[in-house]
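**Q** Chain residues, written in single-letter form:
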Amino acid sequence: MDRRTFLGAMAGLVPAAAFAQTTTVPGTALQGTASSPRSLSIGAISAPNSLDPHFYQSPTNNQTLRQIFDPLVTEDAEGRVRPLLAQSWRAVDELTWEFKLRPGIRFHDGTPLTPDDIAFTVERVPDVPNSPGSFVPYVRNIAAVEPIDATTFRIRTKTPNPYLDRDFTNLYILSRKIHTGAATTDFTSGKLAVGTGAFRYAGFTVGQQIELERNPDFWGTPTGWNRVRTRFIPDAGARVAGLLSGDLDLIDGVPVQDVAHLAADPRLAIFSVASATSVYLFPDASRDQSPFVTDRAGKPLDRNPLKDVRVRQALSLAIDRKGIVEKLLLGQGTAADQFAPPPAPDRLPGRPTPTADPARARQLLAEAGYPDGFGLTIHGPSGFFTSDVAVLQAVAQGFSRIGVDTKVETLPIASFFSRATNREFALFMTTYATTNSAELLRQVALTKNPDTGAGPFNRQHYSNPKLDAPLLEALRTFDGERRVGLIREALAALDEDAGIIPVFYPRFNWAGRKTHVRFIPGNAFGHTNAVFTEPV
Amino acid sequence: MSLAAEAPPQQGEPQDGPRSSLATVWRDFAASGVALGSLAVFLLLAGAALLAPWIAPQNPFDLTQLDLLDGRLAPGSRSGAGGIYWLGTDDQGRDMLSAILHGLRLSLLVGIGSALVAGSAGTLVGLAAARAGGRADSALMRLADLQLAFPSILIALMVIAFLGRGIGNVLLALILVEWAYYARAARSAALVELKSEYVEAARCLVLPETRILLRHVLPNCLPSLVVIATTQVARAIALEATLSFLGLGVSVTEPSLGLLIANGRNYVLSGETWISLYPGVALLAVMAAINLAGDHLRDSLNPRLER
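First to last, the protein sequences are chains X and U.
Just so we're aligned: the first sequence equals residues 1 to 536 in my numbering.
Just so we're aligned: the second sequence equals residues 1 to 307 in my numbering.
Simulated from the structure, these hints should not be mistaken for laboratory data.
Treat the hints with caution; some may be incorrect.
Below 20 Å or equal to it, Euclidean Cα-Cα: the simulated SDA-like pairs (lysine to any residue) are [claimed, not checked]: (1) X:LYS407 to U:ILE167; (2) X:LYS322 to U:SER79; (3) X:LYS407 to U:SER79; (4) X:LYS322 to U:GLY80; (5) X:LYS407 to U:THR64; (6) X:LYS407 to U:ASP67; (7) X:LYS466 to X:THR452; (8) X:LYS407 to U:ASN59; (9) X:LYS407 to U:GLY168; (10) X:LYS407 to U:GLY247; (11) X:LYS322 to U:PRO53.
So here's chain X without its partners, still in its complex pose (with noise of 0.2 Å):
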């Protein structure tokens, strides 16, 4: 053992330095700037993995790709649907949908778009291999697409949806004379990455960045950026970092602890939305037996306490849903009061958030026979949302108020939400993000049925009968206001039986150079793109 060794073991002090390296940020140079008056460099979170606009439904590659590509309508940021492609649509009757597309509409090769188009982009979903999250719930119930003119046609479906609309803002439209036999390769080479939309494709490398120039011929008003550069960095000091040095003009995912001195800064702006994301905690509340739940000695216990209602209306009663938004959030969010989120126009209007009563927690637990407690271990996901691990621990220390001693396990994504699939959690926290609460409902609550694709995320296998009639009503009702009645029917069942804990809204946070670019938040969903920034 020589000296070497004593600085080799020093050298696994890195954690302690590794902070150091994002230190180097100060007020210096914003001046000497990386991008030009007409070019945007933009320092994104996450990295989308393919240019297939149809190859993985999610709010990655659906934010990048909506610069090259269109959908048919749009979500605005309050949750309503806006035309897009089309300019105009109706149901006719319950099983017909009349679309008529905006005149004019030409790819990036010149290819005009026609309604045959939207069939075939109907037709080429399903036939996307090795999908890691299809399209296909979106299109399944579609009998077919036909075309009555040069822009208008009409779409049957199935069985009644009165959110065929609503379905079509995801799905972005390709072209059968360009896409036809199409590979994912395809797309991501850039080769056949030909869209409607205000950018062409530039360059892409997976993982690291993506370039874009501007459409000339864009339908719409063509936007004021001529080259656009995306890069993904995942790590929060490092986007904070390259914005304050200059290299980024813009960075989404503000980490909660930034937004207030970076506010402060003269040089920056922060922007910001309500987010249509709802953070919740999914209890099992089917079996008779749970992992994860023991008496508080940590032995087995014969009957699983979640399955009582009371006890599950404690543990929402022990939550510091205000301490949480305050402390742990700064205030960049908001407390649940139910499980839709605000920007859901049918959400139960009018209810008053929640403060945590620990008293009255442990009188229901004592009520439901658990007069002590017992001992439960929590999950979560590591790295999925914001101060998501610190949420976590302070829902674990409101439950040990009330005598429920509580563990907290996070994992990494990846097996997180697999072993969460499994059923091998007790109670997790996760999210779900939707300005619908239909569709909230329909995919984390309801009674899960593999037949009809009903719950494919109650991964708890939830079910109650009060919740599961005014919801299937309300998926095939037409009338807007009875619709929106039976919805919030389903969403107060859901409440009253506590079968899903909400815990709080996150708000989205963008930082931009304020003389540079601004960003005006094109939906709930926090999508970072440059179709939603202009130039200043």
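Using the hints, position chain U against chain X.
**A** Okay, now just chain U, sitting in the frame of chain X:
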């Protein structure tokens, strides 16, 4: 040493002479201020870690004692309950002083525990290999070489990925990473000793081979192994901190020093530097103390080094 009663006089012993006595080693060691200072720092930190449950103002692992509303308070702030957070709090309202003391306890437990187990196992393997020679020796040493060829952190990551996180698995991963160092050193030391005259003499008395190995050869290999152990303790602490920093070590509600540093990292740019800084200082202090003390111990034990 009880050797004298068993074995013939050991004139041929390599570390013969006045140096081999503990008192001389200590005198040598104590002659250096740095050595004494680092030993004192280590003993102070180890003592504080050992007594953490009694001297820490708070039990940072007990969630009912934490209050979210006391989160991210600066050092010296007053808590809601009236106490003072001398080193501030982290985002969960955990008293950093208590968290560091308990984290130090975990770090030392992991470091010393893994060194003891890996040291014993590795030494036995090394001795057995040296004694057996031939194919068994080659097989064991190639296995050790193979393992040494991989970076420790990679092996530890694979073990954790396979077994899952938790303090027991971290300990196991560290033992699997470390045994090869001891085995290598024990084998080479034992090879030298096995050729020496006192071993010959012991063999003439037809003592059992295990007895010769454990009672005669092992004690003479120990000095070098002790020095390896000191550096390996520091390495193990660093490795555990790295694993925890990467989110693969201990549970988030029972943080070690590495995890405390990782948690605080998010707050460095926003100015709450104490969450990372103090655990980092504690980690630096304990590792530097162990390494410096181990370094001087090596010098004191080395008969060939003239100062």
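**Q** Does each hint hold? Answer for all of them.
**A** Verification of the supplied hints:
For the given pair, LYS407 (chain X) sits about 14 Å from ILE167 (chain U) by alpha-carbon distance, which is consistent with the 20 Å threshold. This hinted pair checks out: LYS322 (chain X) and SER79 (chain U) have alpha carbons roughly 19 Å apart, not beyond 20 Å. Simply put, LYS407 (chain X) and SER79 (chain U) have alpha-carbon atoms about 24 Å apart, too far for the 20 Å limit, and the pair is violated. Of the pairs offered as hints, the one joining LYS322 (chain X) and GLY80 (chain U) holds, with about 17 Å between alpha carbons and a cut-off of 20 Å not exceeded.
For the hint pairing LYS407 (chain X) with THR64 (chain U), the CA-to-CA distance comes to about 12 Å; that is within 20 Å, so the pair holds. Of the supplied pair hints, the one linking LYS407 (chain X) and ASP67 (chain U) holds, its CA atoms being roughly 16 Å apart against a limit of 20 Å. Of the pairs offered as hints, the one joining LYS466 (chain X) and THR452 (chain X) holds, with about 19 Å between alpha carbons and a cut-off of 20 Å not exceeded. With a C-alpha separation of about 15 Å, the suggested pairing of LYS407 (chain X) with ASN59 (chain U) holds against the 20 Å cut-off.
Our distance criterion of 20 Å between C-alpha atoms is met by LYS407 (chain X) and GLY168 (chain U), whose separation comes to about 16 Å. With a CA separation close to 16 Å, the supplied pair LYS407 (chain X) and GLY247 (chain U) stays within the 20 Å bound. The hinted pair formed by LYS322 (chain X) and PRO53 (chain U) fails the criterion: a straight-line CA distance of about 31 Å is larger than 20 Å.
The structure does not agree with the numbered hints 3 and 11 stated previously, though it agrees with the rest.
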